[in-house]
Each structure stands twice: as C-alpha cells, then as structure tokens.
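Join the two chains into one complex using the hints; note that each chain is given alone, in its own frame.
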Amino acid sequence: MPSLAGLFFWMNVKIENIKKLNVAKSLKLDCGKTINNFPLAYETYGKLNQNKDNAILVFHALTGDQFVTGINPITNKEGWWVTAVGPGKAIDTNKYFVICANVIGGCMGSLGPKNINPETKLPYGLDFPVITIKDMIRAQESLLEHLGIKKLLCATGGSMGGMQLLQFCITFPDKTFSAIPIACSSSHSAQNIALNELARQAIMADPVWDNGKYVLKNVQPKNGLAVARMVGHISYLSEKGMQEKFGRKLQEKADYEFSFNADFQVESYLRHQGYAFTERFDANSILYITRAMDYFDLSKQFKGGLTEAFRNQKTKFLIISFSSDWLYTTKENKDIVIALNASGADVSYSEIKTDKGHDSFLLDEPEFLKTLKSFLDSMHEKFKNEKRI
Amino acid sequence: MKKEFKVIADLLSDNTRVLDVGCGDGSLMSLLKKEKNIEVRGLELSQENVQQCIHKGLSVIQGNAETELHQFPDKSFDYVVLSQTLQAFFEPEKVLRDLLRIGKSVVISIPNFGYWKVRTKLLLFGKMPVTKTLPNTWYNTPNLHMCTIKDLFNFCDEKDINIKKVVGVNEDKTSLINKSNLEIKNLFSKLGIFLIG
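Chains A and B, in that order, give the protein sequences. Residue numbers for the first sequence follow the numbering used here, so the first one is 1 and each next one is one higher. Residue numbers for the second sequence follow the numbering used here, so the first one is 1001 and each next one is one higher.
Okay, chain B solo, but in the shape it has when bound (with noise of 0.2 Å):
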C-alpha cells in the first residue's frame, strides 16, 4: 500500500462520498471502501484501468477529467480526490476550480518539484531531474506545470482557496506543514497533501 493513498485516506471522514479522479486501477478507492465505508466513485481515462475498477466492483466513468468534470453537479461530494494529476493538466488552475465546485473539499496530492534530489539534480548536473516520484525524462513526461509544496501552498493563498491542511510526505515519513515551516518541509517532502475547499 502506497503511503499516500495512506495520508489521503487518513483526511477523509468515514461514511462519506468521495469522486477520485485520475483514480487509475481503484486502488484508492478500495482502500477508501474497505475500510472507511466511503461511497466512492472514479473518473480515468484510460480503458485499461476502467475495466480494471470494474473488475474490482468500482464504479467507474471513463473520462478526461481536463473536459469532462463538467457533468458533476455542484456540491455532489464530500471530498474529491486528485492524485498527482494536477500537473499533467492543460489548465490546472480550471481543473482546480471545477473539483472546488464538485467537492465539499477537496485533497490534492503534488509531486513536489522543490525536493532537496530534485534540485541538486537540475542545480549540480544541470540536467532535468529523474527521481522515484518523478520517473520520466523531459520529452517523455506528462508533467506540463511541475510545482512545488510551496508554490501551490502560496497559490490556494493568492487565490483566496481555503487550506485546511497540508501533510508532507517522505518515504514513510509524514509531517504537518505550515506556513511557519514551509520552506525547510518544502526542501525535505517528497509529496505535498492539501486538504482545501
């Protein structure tokens, strides 16, 4: 079990409704299922994937999430999930808006470009970084808005979007980040989980 699907589940109510999208194979939402007896419902994209959900029981809608969130009415769900996806996005920033119009609340999960290998990567061999939470090379990424904890932290701020808490991720590490240790949580976490809305 992936630690963040761990960290997402831990900031979900039980017995709640719950739209995971880019929800992949539904390995979230089983755990979210299981055992938090949420009502969870998918969106991916890719065929394999949905049919994977649909062997699994999960109710699952194939879609692009960057044209499609329209069909969700307002306020449909307790909390809508996004698991770093928002970077692959066009215009993240409208996907962003439609998941606050969706969801209650909403949790986001970022690869955080401002991780110490991260940048000693780009810094001391002057090359694009390659890591584990970040796997592909610069032609072949489907990260076009790669940010950091802090640049999303400072963004929900600009943007007058709610932060009700952001959880940093290290390998099985996890701490509470705020606005008075931001910048040492944005050197040593891998991921950033925000709760908004």
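One chain only, chain A, in its complex shape (with noise of 0.2 Å):
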C-alpha cells in the first residue's frame, strides 16, 4: 500500500487531468472577500443537442464531487448518483445532458483549502476565505456561461446540493426551466448544525490537523476526518434501517471479545466507511463546507422571509423528501412547499416511503426514481413547447 503522502501526490497528479474552467473573473464572496482566477472542476455527461433544452445541472453533496456517474478517475470507483443518473437511468445521459461542478472549498479540482495561496505560495489551510452557499452556486454560474447554456431544462441536487439548487433558482431565477430539490432544506437546523460542529471538533481535535497546516507536510488527520464521516454516516441512515441492517450482529466472530476492537457488525462498518473516506477528501474541506451548510438561511436573506425568497418564481418544482429521513425531514421540505405555495409558483411534492433514512436518494428507490424520471421527462416536452413558441 503506497504512503499517505504518495497516495496524496498520485491524487494530484491525477487531479491535473480532469476537466477544469479557470473562471477568469473575480468573485466577491459573502465574508467579503475576493476570489479570482481560479479553477472550478467540472464533468459532464451525454450531448447537448443543437436547441440546448436538454441541460441539466446536478449539484453534489457535502462529500461529494463532479463524477456523478460511470467511474469517478480520481478513486476509481462509481460515481456517487450512478443509481440516478446514465444510460437509460431516471435522469437518461442518451437524451439529456447532465453537468456537474465540485463546489469550491471542495478537494475535487475546484478552488480549496488544498490549493496554493498566490500571496503565500503556500497551500491555504485555513488562509482560505470561508465560503457560503451562495459562493459556490455563483462560482457554478460561469460554467453554464462557459458551455453556452443560456436556460437549464433542469437542475436537481440532494442534501447539500438541494441547498445549493435553492439558492440558484432565487439568486438566477431564468436560469432553470424546472427544480427538483431533493431531501434539503432552506435552513440549516440546530440539529445538523450540531452534527456538523461534531465532525468539526473530531477533526480539530486530531494533533495531525495542527490548525489545518497538515496540507504543508503532505499529510491528512486520518482518525478524525474518520470519526467527522462515522457521524455523517450514522445521521444519512434510519434507526430502522441501522437495525435491519446489523442489529446486534457480531463481525466474523462467534461471541464477544471483551476487548474495544470492533466486535459489532456496525461498528465495523463505520470504521471501514471512516478510513476508505480520508482516502479521497481534505479533512480542511469538510471544515469549510459544513460551515457554508450552517450560514445557509434563505429566510435570513429577505426581509419577509421565505415566501419572499421565492417571490415571481417561473421555475417549475418538484420537491421530494423522504418518510425516515431524520437529517433533512419531510417537515422541512414541507416548508419549502408551502413557502413556494404561498408566493404562488408552480410546486409539486412527493415524500417517498421508506426506511432507507436520509441516504435514499443515492440508492435504488424505485419510487423515488419513477418519481424523477416522469416530472424530467414531462418538463422536457414542455421546455421544448416554450422554446418552440
């Protein structure tokens, strides 16, 4: 097994090789500060035809990244919304074109904590500028300007990324012809501000973090940017699921050890989604985008609220949340359907059964899919009737 240190140049290397915008402009960022220059990773999938009405822009997750399907380069592994989105999937690469940008402040390609500092010539760490949601969907905004893409068929994102796709749709409101928020919210809770501040503190308490100057010697807080993903992994799951799923079963053992190694099958698990996860993503990114998750408040940005937000929308939704979802719950989704109601845009909504917990989204939901592919596919008919007329 190569070194941390090696595995991390080998990730740079490739990192190199995957598509990237420079975006040449500045961008003044919500802390006030300025960005310019700098590169925004990005993959995209299928063609865009000759009357570009089959674009639609996916945003990622907090641990997320552009490579929403096929195999992801970098880690060789699927793309995280493979079940999704392809050939022949709900959101179908043979008839659409699906584009995807890792968020700045990511690890992915796009502008981080990891990159080199110009004043500095040293990597960031916490030298970089906390961003926000807002920051990241206005970075993306220049890469539809790059493709040529005027309006969006659509545009869809889960968790983060329905965040990011809310804010979008207020701070670009002719940018997309339809919205599918999945399983988000247009605050962050106390709750999840809580769990984030928990992955947080795990990392910052790992001596290996050294206030974020581990990128200068090559090196990664392993133990708690693991322990930061054993949370987010114990909050994407249903206490139903979690208990069909292991129970109390033991990890190729017949009784207990007595002893703290991992005795329980779900200990194990979260251990081994723990460690695999340091090996793709920057421990400082985690920091910065659970903060941009915890400054989001759409509500906080009108003076009126939410239903203010969504004021004069044209933008078609359809909103899908899910019954065990704990992290993002079918309450707050609501709201954001009600908020829409009332500012009267056109809004559907569908919570989908299930005890697959907030995680659903990635997974093969059967309904939840049918769900997706029939609004994108009647969305479609009429985005192409309004570029007709």
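If you are wondering where the hints come from, they were derived from the structure by calculation, not from laboratory data. A quick note: this is a predicted structure, and the numbers were derived from the prediction, not measured. Among these hints, one or two may not hold up.
What the hints assert, rightly or not - With a cut-off of at most 20 Å between alpha-carbon atoms, the simulated EDC-like pairs for lysine to aspartate or glutamate come out as follows: (1) A/370 with B/1172; (2) A/334 with B/1048; (3) A/384 with B/1039; (4) B/1165 with B/1014; (5) A/334 with B/1074; (6) B/1034 with A/279.
Claimed, not checked - Example chain B residues on the side facing chain A (calculated, C-beta under 10 Å, incomplete): (7) 1051; (8) 1055; (9) 1070.
The beta-carbon is built from N, C-alpha and C at its ideal position, and this holds for glycine as well.
Here you go:
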C-alpha cells in the first residue's frame, strides 16, 4: 500500500488531468473577500442537443464531487449518483446533457483549502476564505456561461445539493426551467449544525490537523476525519434501517471479544467507511463545506422570510422528501413547499415512503426514481414547447 | 370520461386558476387543463396517485386536505374543487371553511344519500346501502359524514354560505336544483354538485 503522502501526490497528479474551467472573473464572496482566476472542476455526461433544451445541472452534496456517474477517475469507484444518472436511468444521459461541478471549498479540482494561496505560495489551509452556499452557486454560474447554456431544462440535487439548488433558483431566477430539490432544507436546523460541529470538532481534535497546517506536510488528520465521516454515516441512516441492516450482529466472530475492537458489525462498518473516506477527501474541505451549510438560511436573506425569497419564481418545482429522513425531515421539505405555494410558484411535492433514511436519494429506490423520471420527461416536453413558441 | 367531471368542468370558466383537493390520479385536472386552459394544481394523499399526476405533467402536492390546507393563501385560486370527498373528513365544516377561504368559489360534489335506491335499501332490507356511487360496506367505508343533497343545501343556508348553482346528476342526465324542486331532485339524483362561495 502506498504511503499517504504518496497517495496524495498520486491523486494530485490525477486531479491535474480532470476537466477544469479557469474562472477569469473575480468573485466577491459573502465574507467580503474576493477570489479571482480560480479553477472550477466539472464533468459532463451525454450530449447537449442543437436546441440546447436538454441540459441538466446537478449540484452535489457535502462529500460528493463532479463525478456523478460512470467510474470516478480519481477513486476508480462508481460515481455517487450512478443509481439515478446514466444511459437508460431516470436522468437518462442518452437523452439529457448532465453537468456537475465540484463546489469551491471542495477538494476534487475546484478552488479549495488545498490549493496554493498566490499570496504566500503555500497551500491555503485555514487562510482559505469562509465560503457560503451562495458563493458556491455563483461560482458555478460561470460554467453555464462557458458551456453556452442560457437556460437549463432542469437543475437538481439532494441534501446540500438541494440547498445549492434553492439558492441558485433565487439568485438566478431565469436560469432553469424546472428544479428538483431533494431531501434538503431552506435553513440548517440546530440539530444539523450540531452534527456538523461534531464532525468539525473531531477533525480539530486530531493533533495531526495542526490548525489546518497538515497540508504543508502532505499528511491528513485521518483519525479525526474518519470520526467526522462516521457521524455523517449515522445521520444518513434511519434507526429502523440501521437495526435491520446490522442489528446486534457480530463481525466475523462467535462471541464478544471483551475488548474495544470492532465486535459489532455496525462498528466495523463505521470504521471502514470512516477510514476509506480519508483516502479521497480533504479534512479542511469538510470544515469549510459544513460551515457553508450551517450558514445557509434563505429566509435571512429576505425581509418577509421564505415566501418573499420565492416571489416571482417562474421555475417549476418538484420537492421530494423521504419518510425516514431525520436529517432533512419531511417537515423541513414541506416548509419549502408551503413557501413556494404561498408565493404562487408552480410546485409539486412527493414524500417517498422508505426506511432508508437520508441516504435514500442515493439508493435504488424505485418509487423515487420513477417520480424523478416522470417529472423530468414531462418537463422536457413543456420546455421544448416553450422554446418553440 | 365521468359525467361528474364534465359537469364540474362546465361550471368553471376558462383560463382560471383551480385547486383540485383530493385530485386522485389527475383525470379531472387533465380535462380542465386540456379543454378549458385552466391552470390547475392538485392536493392528493396517496403516493401512487401523486406519481400518476406527475407522470401526466400535472402539478400536485402530496398531502392531507384535513390538516394541510392552511398552506394555501386566501383567495389564491378562482375555484377550489372537492370531488366526492367532503363526507370522508373528520371535520367537514372546518375543511369547507378552508376551501371557501382559499377559493373565490368552491365546487363540491357529494354522493347523495337521499337517492331513492339508497333510501329503499335501508328501508326495505334494513341494511346499510351499497350502490355504485357508495360501493363500500359499513365497516370499511371511508365515509364518516354521509349526507343528502338536501342536507348540504340546508347546511349552506344555515351557515350563510352563498349557493350559486346546484346540479343533480343521474347517470347521463343532469338537472338544475333549486329550492322548489329540492325534494324531488334529492330523491332522483345520484350525485349533487354544488357551486358555492
């Protein structure tokens, strides 16, 4: 097995080879600082048709990246939304042109805390400016310009992807014909801030983290980052789903070991997921992206709250939530529906019954995928008609 | 096409905004959209029906009319339609008040418990009536508050709810109902369709 430093070097070499747009214009961030000439890494699937009426923008979640489907060339694993996106899938890449960009603050090629700070010629670490969800989507707008897309057929995303999408629809009200926010929220709840803080504190408690300066030494606070990921994994499942999947099953042993090794399958699962994550994700990126999520509060941006935020929306919305999701609950998703309704927007809503928790949007949930496909295909017909007129 | 939906469609003006509460699989919504260019939204409880609506390109919100009508602003629709569902609510009066708040007008259809076949089944056989419009038996019926056309007529009177039009439906025949023919129409209509508000 290669050393971690070696692995990082090798990943960086591969990251050099992925699609990147150099955003030449400067972007004033919500925190007041400005970034300019920054890289935005992205991937596309399928072909943009001549009428340019088949483009779909996907926003990724906290630990996602631009590699939505197929094989992720960096990790050599399947893309994070292979269940929904691909040839013949709900978001059919034989028919649609799918675009996804790595968020700024991320670590898959877009400007993030791992990049070199032009002022110091050293990796940013904690000198990287604190970014917001709005900063993320404003950065991604440049990509649509670059690809020559004036108006998307649809934009979609789950979890933090849904949050980006809501912000996108409000900041750029004419950029997408339809929108499918999935399992998200219009403002981060106390519980979600608390869980994010737990993840951040786990990273910061790891001595290797060293105030974010580990990047200079080409190492990674693996232990802290792994715990942060474990917290995430617990929150993505439901109590019932977890009980059904693991119960009290022991990990390849007949009885308790009377030690602190991973006796239970659920422990083993968390450890595996936690440490596997450290090989593909940067600890400082987790700090920055979770912070962006915590700061997200659409109603704060508008006097008059959420209804005012959605005033004059022409975009056609489909909101989807999952019954067993306790991270972004049906109630939080319904609040978005209520606000859209109150503002007179065209909104549909469906709650998918499932035991699989927040993770459901990434899984093979037939009812969910059917709903996604139905909506998208009917929107495509409407969008084609609108373009014809 | 159900006669009931045709009657409801005829009651609504073209190019208006309509909320269909308990929209089912979206059949009525499709009709209103296609034939009257009505901008129509639905509220529906069942996930399967919601999916059908989305498949048809209709805007629908999955939710419970009994508890979730509060999300719709006052007078945000020209019409609110409630087809054969009023009798299934725990609190029909409360729901009705909400419908009248949301819509400038409200269209309600009810299966008429005063229809002669229903009356005779109970009178002659001493059993709770099971008919084409009332297909369930007493133990599995979703209908909690059955009423007759006359009941709803009187209810609107008592509660100062303005009745604009009432149509009685029996198979393919329809007829206007007013105070003077109420008794007879209440006996011979399977369905009553009220335009109120």
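Hints, one by one, checked against the model:
no.: 1; hint: A/370 with B/1172; verdict: violated, 37 Å
no.: 2; hint: A/334 with B/1048; verdict: holds, 18 Å
no.: 3; hint: A/384 with B/1039; verdict: holds, 19 Å
no.: 4; hint: B/1165 with B/1014; verdict: holds, 17 Å
no.: 5; hint: A/334 with B/1074; verdict: holds, 19 Å
no.: 6; hint: B/1034 with A/279; verdict: violated, 55 Å
no.: 7; hint: 1051; verdict: holds, 6 Å
no.: 8; hint: 1055; verdict: holds, 4 Å
no.: 9; hint: 1070; verdict: holds, 8 Å
Checked against the numbered hints given earlier, the structure breaks hints 1, 6 and satisfies all the rest.
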